[in-house]
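At position 537 of the sequence shown (counting the first as 1) the number is 568 in the working numbering, and the numbers step up by one without a gap.
Do not rely on the hints blindly, as some may be mistaken.
Stated by the list, open to error - In the SDA-like style, the derived pairs of lysine to any residue whose C-alpha atoms are separated by at most 25 Å in a straight line are: (1) Lys446 with Lys374; (2) Lys158 with Val92; (3) Lys491 with Arg466; (4) Lys189 with Glu142; (5) Lys374 with Gln313; (6) Lys491 with Arg463; (7) Lys481 with Lys374; (8) Lys481 with Lys514; (9) Lys147 with Val161; (10) Lys446 with Glu430; (11) Lys514 with Thr160; (12) Lys147 with Thr160; (13) Lys458 with Leu439; (14) Lys458 with Ala444; (15) Lys189 with Tyr148.
It is worth saying that the hints were derived from the structure and are not from the lab.
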Amino acid sequence: MKNKKIISMCLLSLLLVGCDTPVISGSDNPVVKEELAPTLVDDSKLTQYDILEETFNNKIVLENTGAADPFVMRYNGMYYLYMTTGGSAIRGYKSYDLYNWQMVNNKVNGEGFVYKYAHDDNPIDSKSTVPYAPEVFYFNGAFYLITSPNGNGHYVLKSDSPEGPFYNVSGNIGMGIDGHYFVDGLTENIYMYGSGNQGIACYQMEDNMYTVATDEYSFDKDTVYYDAKIGKWNEGPYMLQKDGNYYLTYCGTHYLSASYRVNYAYGKAGTDLLEPFGLYTQDTVLLSTTDTFRGLGHSSTVLGPDMDSYYIAYHNLEANNARNLNYSRLSFNGSVMVANDVKEEGAIKASRPDFFTYDPSYLDEENNFILCSYETEDVFTVEFNVTGEGKMVFSYIDENNYSYIEFLNNDIAIKTVSSGKEELVHKIDLIREYRTDVNHAFRLQYNNHKMSLFFDSMEKAYDVDASFNAGKIGYLKDNGFTKIGYTAYSNVALGSSDNKAYNDRVSLANTFDYELSYLTDGSKFVSVENDFEEENVQVDTKNLLIAKTSSILSISCSTLSSPDTHSANSSSTTLI
32 MKNKKIISMC
42 LLSLLLVGCD
52 TPVISGSDNP
62 VVKEELAPTL
72 VDDSKLTQYD
82 ILEETFNNKI
92 VLENTGAADP
102 FVMRYNGMYY
112 LYMTTGGSAI
122 RGYKSYDLYN
132 WQMVNNKVNG
142 EGFVYKYAHD
152 DNPIDSKSTV
162 PYAPEVFYFN
172 GAFYLITSPN
182 GNGHYVLKSD
192 SPEGPFYNVS
202 GNIGMGIDGH
212 YFVDGLTENI
222 YMYGSGNQGI
232 ACYQMEDNMY
242 TVATDEYSFD
252 KDTVYYDAKI
262 GKWNEGPYML
272 QKDGNYYLTY
282 CGTHYLSASY
292 RVNYAYGKAG
302 TDLLEPFGLY
312 TQDTVLLSTT
322 DTFRGLGHSS
332 TVLGPDMDSY
342 YIAYHNLEAN
352 NARNLNYSRL
362 SFNGSVMVAN
372 DVKEEGAIKA
382 SRPDFFTYDP
392 SYLDEENNFI
402 LCSYETEDVF
412 TVEFNVTGEG
422 KMVFSYIDEN
432 NYSYIEFLNN
442 DIAIKTVSSG
452 KEELVHKIDL
462 IREYRTDVNH
472 AFRLQYNNHK
482 MSLFFDSMEK
492 AYDVDASFNA
502 GKIGYLKDNG
512 FTKIGYTAYS
522 NVALGSSDNK
532 AYNDRVSLAN
542 TFDYELSYLT
552 DGSKFVSVEN
562 DFEEENVQVD
572 TKNLLIAKTS
582 SILSISCSTL
592 SSPDTHSANS
602 SSTTLI
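Model the full assembly from the supplied sequences, consistent with the hints where possible.
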């Protein structure tokens, strides 16, 4: 890896050649010698992506309000939006696609509101009329809303519906502003994140969601991430767990400043979340300002409708200090996370699932099953929302060949039935006791003999060896569930949607299109661990090494290195 020469270029079905091909590196515009350039392969397949994507104005204006400090949560196939609201109340909206929003109506607080001080017998601070940055988290049958009235500490509210009405259950618990909940899929510990002037603060919480847990010596289980900071003030935290890894977004500088922006910190799978230096930053500015699209900040991250992609929701600042709702798609490669399509006009909309229904009566009876009419492809994500215990079916070919997820006795088992013979693929013993009289979501992803599984908001399994077929999804007729909710599948999984996505700023080494590309004779992904130090290399990522013999890649943009090998590096690469 010594004496590297970094070359940035746009690639479209480009044949990458080995080190025996001279690379001429100019100071501004490096090129490969024309007489040695290889012949391009047949690119006729590229036309399958010559489609006009549906776009939107990336300044979504909501009815009756702005979108300051937007928090978007996904529950039972629907999206719910909460934002900073004045007038001693909190507004709420819902959507099926992230773009078309309608006001909620819980019949208590009035249309468009999930909480009002006046409708709570134990209201939050009556002297503070603006509940800052409300966030809602679903956990084991209850919805918890945390907010900071005028920045004067946190209050926790509770409801049995994402639309409210919410009621105060905590009193003032302090701990700064901008509270955010996260449950670790590995440990099932509950954490609350908040603002701080030294970095983002983290607190482990008791089951009531508002008491800080203590150790055997009665010391609070809390910490500050000293590497997660921008200047002298940091706020708006959001923690995402993906592939076991941790991605903590946060913002800094004043919210009315044009330079308001979002950074992120990263932690590898297994990181102790109460370790002050457990999360670290590299070159990790995620959202920053332009002359016209400014004040981008206070974000949350949400799973896209296709159940594979992730989007960062944030607000921008208008000249009159109004704030609108914005989205940008996220891409991942180990410690690297990139926000793409960060622009005002012509942003590409998120893709819908290939099949979904909110009503199980739309499923068809077939033998002893109720199933959708269509089959997934070989790569797929399936999701089931159910109340009770029972079996959720996928990869159904016939009654003797299918797979299923079983939720029973606080355990999750994934099994296959082949020629009538049943085999256990993977089992998850849940650490906590979970209610069976409330809704739980099960999302399984499968791609290239690897599987992951999410239970509610928690990633309970990832990088598991498995082998499943394409097929229908649904349930056994006698499934044991008392209620069936949102049921869906998409023909993307484990980041495959990124391969087909438009990346306007950066293409990561792991996001080339597998269908149009192949690697030969030693070309492979290699991981760069955190003890590796070299310029232009991001640690804890996968780099694409292209060996001496040729390999074909179809990607939007990449970074190459030489002379020992050609490496499509996973670090950020600006289009030229």
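Do the hints match the structure? See the list:
1. Lys446 with Lys374: 44 Å, violated
2. Lys158 with Val92: 29 Å, violated
3. Lys491 with Arg466: Given pair lysine 491, arginine 466 holds - Cα atoms ~17 Å apart, limit 25 Å.
4. Lys189 with Glu142: With a Cα-Cα distance of about 19 Å, the restraint between lysine 189 and glutamate 142 holds, given a limit of 25 Å.
5. Lys374 with Gln313: 24 Å, holds
6. Lys491 with Arg463: Distance of about 13 Å is within 25 Å: holds.
7. Lys481 with Lys374: Roughly 34 Å separates the two Cα atoms, so the pair is violated.
8. Lys481 with Lys514: 30 Å, violated
9. Lys147 with Val161: The hint holds at about 11 Å.
10. Lys446 with Glu430: Measuring from Cα to Cα gives roughly 14 Å; hence the hint holds.
11. Lys514 with Thr160: Measuring from Cα to Cα gives roughly 39 Å; hence the hint is violated.
12. Lys147 with Thr160: Holds - the C-alpha atoms of threonine 160 and lysine 147 are around 10 Å apart, at most 25 Å.
13. Lys458 with Leu439: 11 Å, holds
14. Lys458 with Ala444: 4 Å, holds
15. Lys189 with Tyr148: Cα-Cα ~14 Å, so holds.
Hint compliance for this structure: hints 1, 2, 7, 8 and 11 are broken, all remaining hints hold.
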